[in-house]
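Start from the sequences, fold in the hints, and give me the full structure.
Going down the list, the protein sequences come from chains S and Y. So the first sequence is residues 1 to 573, counted in my numbering. So the second sequence is residues 1 to 110, counted in my numbering.
These are calculated hints, taken from the structure and not from any lab test. Since we're looking at a predicted model, the values are computed, not measured.
Taking beta-carbon pairs under 7 Å as the criterion, some of the chain S residues facing chain Y (in silico): (1) 95; (2) 107; (3) 116.
Chain Y regions said to be covered by chain S (calculated; three or more residues, Cβ under 8 Å): (4) 26–34; (5) 61–68.
Stretch-level coverage of chain Y by chain S, calculated; a stretch enters the list once three of its residues show a Cβ under 8 Å from a Cβ in chain S: (6) 78–85; (7) 91–100.
In this text, a Cβ means the ideal position worked out from N, Cα and C, and glycines have one as well.
These are the residues of each chain, in order.
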Amino acid sequence: MAQAETALTRRPTGIDGLDAVTRGGLPDAGGVLVLAGPGCGKTVLGLQILAHSIPRGDGGLFVSFEESPAQIRRDAGSFEWGPALIASDAWDIIDGRPPIDAAAAGGFDLDGLLAIVGSRLESIGGGWLILDGIDQLLSLQPEPRAALDQIRHLNDWCEERRITLLLTGKRNAGEEGRPIDLEGIEYMLSTVLVLSTELVGRRLTRRFRIAKYRGTAHTPDELPMIMDNAGIHLPFGRPGHAEPVSVSNERVSMGIARLDQILGGGIHRGATVLVSGAPGTAKTTLAAGFASAAIERGERVLYLSFDELADRIVRNAASVGIDLQSGIDAGQSMIESREAWNALVEEHYIAIYRWLDRFRPDCLVIDPISALQKAAGAYGAYMTTERILGEARARGITTLLTSLTNAESRETETTLSHASTLADTWITLDYRVHGGERNRALSIVKSRGTAHSNQVRELVLSTDGVDIVDVYRYGSEVLMGTARLQKEHEMAEQGRREGVERETHRRGLERAIEQAHLRMQEADSEARRLERELERDQLGDADATEKYEEHRREVRRQRAADDDATQDQGNHS
Amino acid sequence: MNRPIDQQSDQDTDGLVLFITGDSPRSLRARANLAKALKRAGSDAETVRAIDLLADPAAIGRHSIFATPALIRMHGGEQHAVLYGDLSDAAALDRFLAQHADHAECPPES
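This is the structure:
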């Protein structure tokens, strides 16, 4: 048998996540059983598949055995894709509802159904046949075996014509993979999907599972399923970002120069920062500063708030000199507010995912991520947080998360949000009470890939902006606020006094040096005088000596004359 | 004498209509079982129209009959009851025919 005849080929459903977990769609020939309880979305699933397949040139037939065609159209019309589906002629609805008082007196077959389905599909040309609630009809079969034979006949008929048959059936609540009617059908068909619902925290959560998909790899896990205006999604079934960005060594600012300095020049682009703290410790302010710095760099910022409305965040940030409004006005920044309790965790996730797709931010703020713990959901907040961060990292988005800790219980610092283990940099904000006042303390618990200070510092807010200042140790205490200011004043006074003393000493030295110079000048002058005097003396001595020698010579001359005269007299005498 | 079940196009006339699909085994059994039941009920003269959906697929849509064989009862131009199957359950078929007989005695709704 040729490979082309044996290989499984798939027909894409176009549904977010479903094509990913089925590795490309449902079998393009033969039956797929969708087992579900009431309100699980099996009818919507069929309609949405048709709606998404029509733009791709596919189409099909929807046979309803439970609801009227008008009701089916109303169902479709409540979704974003409904109007286009209703207007399309690439599909059709057949009212397959048996009459109210229908009964059976022996076995029957579905040849009539196949006759009309074949005829309609031939004119429409689609590859989908959706039989919604056919168990309503087949349950009239006196012999269960005969009903299964009909399903098998339907399956074979569709396989021969390369039609994907989607059969919906009612799920047995006790045994989630078993149908109420048509027992054994789940063994006959190659693919079985199970849709279920559960109340979690009084909210309805929907789940999806591939109970069976013969001959192909698939995701067998139970996954949360969302139904909103866009229809059904499997948010956690979506594949990761296709091409994760490479790791960056570039540093970006947190919006506070001193904090950047402490972090070794800022945080790495694409990193995740967690800012945790009790209420009022300025987590949102720090987040706003981070956002503002990104806007100043010309980057796009998505700010998701679970606590406050956008205008209040902008106003409060402005009160400490942080400008978010200009970024919003320029279309560079978007602040979205959501109520955590008012949606499922997976609904929040899909909303964030859509914003990431539509807005394509460079920086993301989720303030606070811990709010997700208030939301019910099939998946916990931890798993959702991990998926959000994974998606942000893959897209190279620099992310700042805030997380609320319980002021009364410090141990929550290590357990909060699970995000602390995922974050590259973890900054904690705290209150320090001393001298009758509270002050905000900031410390860095960790910062991967960065030499950072472990010192506790004070976070100071003012109309001039946000700053981080060094604190003083006083015994076992750390001085902040007024005590810090007082200490700073004392230190400044001491410095001033020491400065004065140093200046006085300096001037004394200068004076002494000057006096010494003066004394040196005087001594020099005296030396020169004495030298001159000496010179004069020496000149005088030379003159005197010469005079003396002259005198001696004169004396000798005189004596010599006397001697000559004496000698002459002697000679004459 | 039993009259054969006529194979006709469906007209919106009162009476019984048997939807079949050609000469499938169930269709043949339904014809035979219906004929026997009519005889038991003494309704030999009953006219039963048979519609072959393979020959007339448009009738499927008109009557929303997707499972065959199917016996329907028309009264006052409207479809009043459906009995699916090869009519091998004689008791169920007899009850259906008895209800039809009772219904047929009532004047059509105006």
